[in-house]
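Number of protein chains: 2
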Amino acid sequence: MGQNSPARGRPRSFDPDRVMADVRNVFWRHGYSGTSMDQLAAATGLHKPSLYGAFGDKKRLYLEALGRYLAEIRTQLAAALAQPRLLDALGDLAERAIDIFTANGPNGCFMMSTAMTEAAGDAEISAVVRGAMDSLDRALAQRFRGAIEAGELAGDADVEGLARIVVAGHYDLSARARAGYSRDELRALAARTRELVKKLGGLSEA
Amino acid sequence: MGQNSPARGRPRSFDPDRVMADVRNVFWRHGYSGTSMDQLAAATGLHKPSLYGAFGDKKRLYLEALGRYLAEIRTQLAAALAQPRLLDALGDLAERAIDIFTANGPNGCFMMSTAMTEAAGDAEISAVVRGAMDSLDRALAQRFRGAIEAGELAGDADVEGLARIVVAGHYDLSARARAGYSRDELRALAARTRELVKKLGGLSEA
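Just so you know, the protein sequences line up as chains A and B, in that order.
Take the first sequence: its letters are residues 15 to 220, numbered as in our numbering.
Take the second sequence: its letters are residues 15 to 220, numbered as in our numbering.
If you're looking for bench data, these hints aren't it; they were derived computationally from the structure.
Quick caveat: nothing in here was measured; it's all calculated off a predicted structure.
Check before you lean on any hint, since a few could be wrong.
One copy or two, it doesn't matter: identical chains are merged, so the pair holds either way.
[Claimed, not checked] Here are the simulated DSS-like pairs of lysine-lysine, each with C-alpha atoms no more than 30 Å apart in a straight line:
#	residue 1	residue 2
1	LYS72	LYS212
2	LYS72	LYS213
3	LYS62	LYS72
4	LYS212	LYS73
5	LYS62	LYS213
6	LYS73	LYS213
7	LYS73	LYS62
8	LYS212	LYS62
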């Protein structure tokens, strides 16, 4: 009741998941430097001392939001890559990415849209970014090796090159989503990436 | 003399090119939101009223820096793509990009590293970004069409697909440079992109 009564907005309980979802959305739209603790307090319905007490300063809040985002992305990535057929896996990955990149406006990937600006001056953030990039490279290379083992790709397929096309294409989708490209435009770009993978990997039509 | 005497730092004259180079470097490192007019005044050696008077507010300064950067990039791009052999052109483009992305630390592309955060909330900035992306797509597609005309690529080569690999690879290099990948790592990634182009385009060894 009182300040947080339903009449003045949805009631807020101190649910860390909800608080961090609100925090993430503010950072996602405004970036790290463009977000103030006042904005975070307003978005979460919490007083600043409560935010500081529970999560630490703005940088801790940002790193927590980034870590939670990357954990979510790893789950989505694993689900997509678990599709038994390679092209289904890549198609599912692109659909999930485009959904995330456009769900709340021209957001792009949370990491690519907000962490890159900070990465140049903050070793802690750049280490998280580099770790996430290396991890995505490895996941795609592993998926392509799986497609070789499954007989979908030739044994001498350029696993690292194929991974590079998909990963770079993924970052490209993020940037274009952030710049306002439509979902249809992004889907067409993702389809083109899959065509390149088919051609390079010698895959027949699915 | 006085405040800007050589003994206290290099003397500053009101040279718009030098002022804007200093402005760009501050935005490049700290991003748009992370840069204050105080920082810009300190970096340029100008008082804030002089900066406002000559260039307008922070957003005008940023758009001016972005526009000058993109003009420089267009010049570099045209010089690289003018190389008569396709693989030389792509190699030169990658070398120039890596030089720019790493010359003053882990900078990445000025646009990709600073404008993406703002693009979601600022129609003027996102229009500049989208225009630059579309322009790079067109320049690469045109270069690949030129390689078809020159007999380097087969007539049915996937011009749009090849352009997508190079452009997405370029944005990937920017992101990785910003995340601290070394020049050698970036060069290896660029070489892998050229291998993909060779294979897709049926190019023989240069």
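Evaluated hints:
In this assembly of identical chains, the alpha carbons of LYS72 and LYS212 never lie at most 30 Å apart, being 45 Å within a copy and 47 Å across copies at closest. For the identical chains of this complex, LYS72 and LYS213 are neighbours neither inside a copy (47 Å) nor across copies (47 Å), given an alpha-carbon limit of 30 Å. In this homomeric assembly, LYS62 and LYS72 come within 30 Å of each other (Cα to Cα) both inside a single copy, at 10 Å, and across copies, at 28 Å. Taking CA atoms no more than 30 Å apart as the test, LYS212 paired with LYS73 passes in neither setting, with 42 Å inside one copy and 44 Å between copies.
For the identical chains of this complex, LYS62 and LYS213 are neighbours neither inside a copy (54 Å) nor across copies (56 Å), given an alpha-carbon limit of 30 Å. Proximity of LYS73 and LYS213 under a CA criterion of 30 Å is satisfied in neither setting, with 44 Å inside one chain copy and 45 Å between copies. Both within a single protomer and between protomers do LYS73 and LYS62 lie at most 30 Å apart by alpha-carbon distance, with minima of 14 Å and 29 Å respectively. In this assembly of identical chains, LYS212 and LYS62 lie within 30 Å of each other by CA distance neither inside one copy nor across copies; the values are 52 Å within and 56 Å between.
In the structure shown, a violation is registered for the earlier hints numbered 1, 2, 4, 5, 6, 8, in ascending order.
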